[in-house]
Amino acid sequence: MVKKKRHHYIPRFYLKRFSVNNEGKFLGLYNLNNRKFIQNAPLKSQAYENFLYGEDDEIENALADLEGKVAQMFYYWTEEKLLYPPPLESNGFKVFQRFILYQIFRTPKMGKQLLDSLNVTAEKMLREFKPNLWKQFKGHRIENDSIVLFALLHSAGKENLLDHLEFKFVVNLSDLPFITSDSPVILYNQLLEKTDSYVGATALVAKGLQIFYPIHPRLMICLFDSQVYECDKESINCASTEDIRDIYQLNALQYINCDSQLFFDDSFEERYFSFLSEDFDQYRNINRSFSNAIPVDNRKFVSIENEDPHIDLKLSFFKTIVDIDMYKNKSSMWRDYSKSR
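In my numbering, the protein residues as written are -10 to 330.
Treat the hints with care, since some could be wrong.
Said to hold, decoys possible - With a Cα cut of at most 25 Å, we get these calculated SDA-like pairs of lysine to any residue:
#1 K308 x R234
#2 K(-8) x N11
#3 K303 x F269
#4 K5 x E259
#5 K147 x D54
#6 K98 x D164
#7 K113 x A192
#8 K33 x A53
#9 K5 x L208
Said to hold, decoys possible - Taking CB as the label site, the calculated pair distances span:
#10 D45 x I313: 45 to 53 Å
#11 R130 x N80: 36 to 44 Å
#12 A145 x D314: 33 to 41 Å
#13 K147 x G81: 17 to 25 Å
#14 N29 x K124: 48 to 56 Å
#15 N29 x P120: 54 to 62 Å
Derived by calculation from the structure, the hints in this document are not laboratory data.
Note that beta-carbon positions come from the ideal geometry of N, C-alpha and C, so glycine has one too.
Can you build the whole structure from these sequences, using the hints too?
Shown next as structure tokens:
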């Protein structure tokens, strides 16, 4: 039996929504490494690596099965314009949670971040507990060719961490379409951004978490902590915006968060990406891992936290409904699961 060599970490049914004339053959591409703009790049050649999830087909087949179920949802949302989320507690809602969680963790970008975190943690542990061994390790790095598979497997079974997040569509009525990227799921936290304490802000257990996921040039899915934010409270399932500033900021988050490639329909010219570069290149190297040794009684524990880029995000359709001052200088900003749905 022929093995599936190409493992796509961004599903082709998803990229099709950003293709030229929605035909699924070509799409716009901007490569940040060489600053190359391509108006008609072959869609089938994007966002894959050979044997990314291992040389057998078990993981790839499982992902393909999951994608098949979610592709049907996307069809209803983007083609039929039936903007209804799957009902809470339904199997469809759990399937979507699993899909978006896997999409976060299945990309090469996430693999690189995880590997950096492992190296920072290993360095801290050796410095604290094995200083002689650290002298030998210094200047070397842990490498793992299966790090993306490790990240993906690590995320399995954690759908419940998204249970507290409300699901809402955002319809883009502005003159500027959404773009997407090779790392399309954006984790953000406007609550912690306003407290000036952003370390650990985008952890799945962080209070105030927001997830932005464009699924079409005119449509985005937002998952958000409804104990912290209101998203267009006048609407039930669907918010909208005509403000081009909203879209520019959300596209900027794709630019900042991507590994190296942006994808888009045929509405864009090359100069648009020059604007993004001028305004947001400074944020692309902010993602950092921190490790601390915490003394407890006569022992020490090593913790690992990350700080992601943040841009002082302001969206016309989002409102923070808690008192920000109550959350400043707090030692813990993890969510209280007893108050989750």
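Quiz item: Any hints this thing doesn't respect? Which numbers, in order?
Solution: 2, 6
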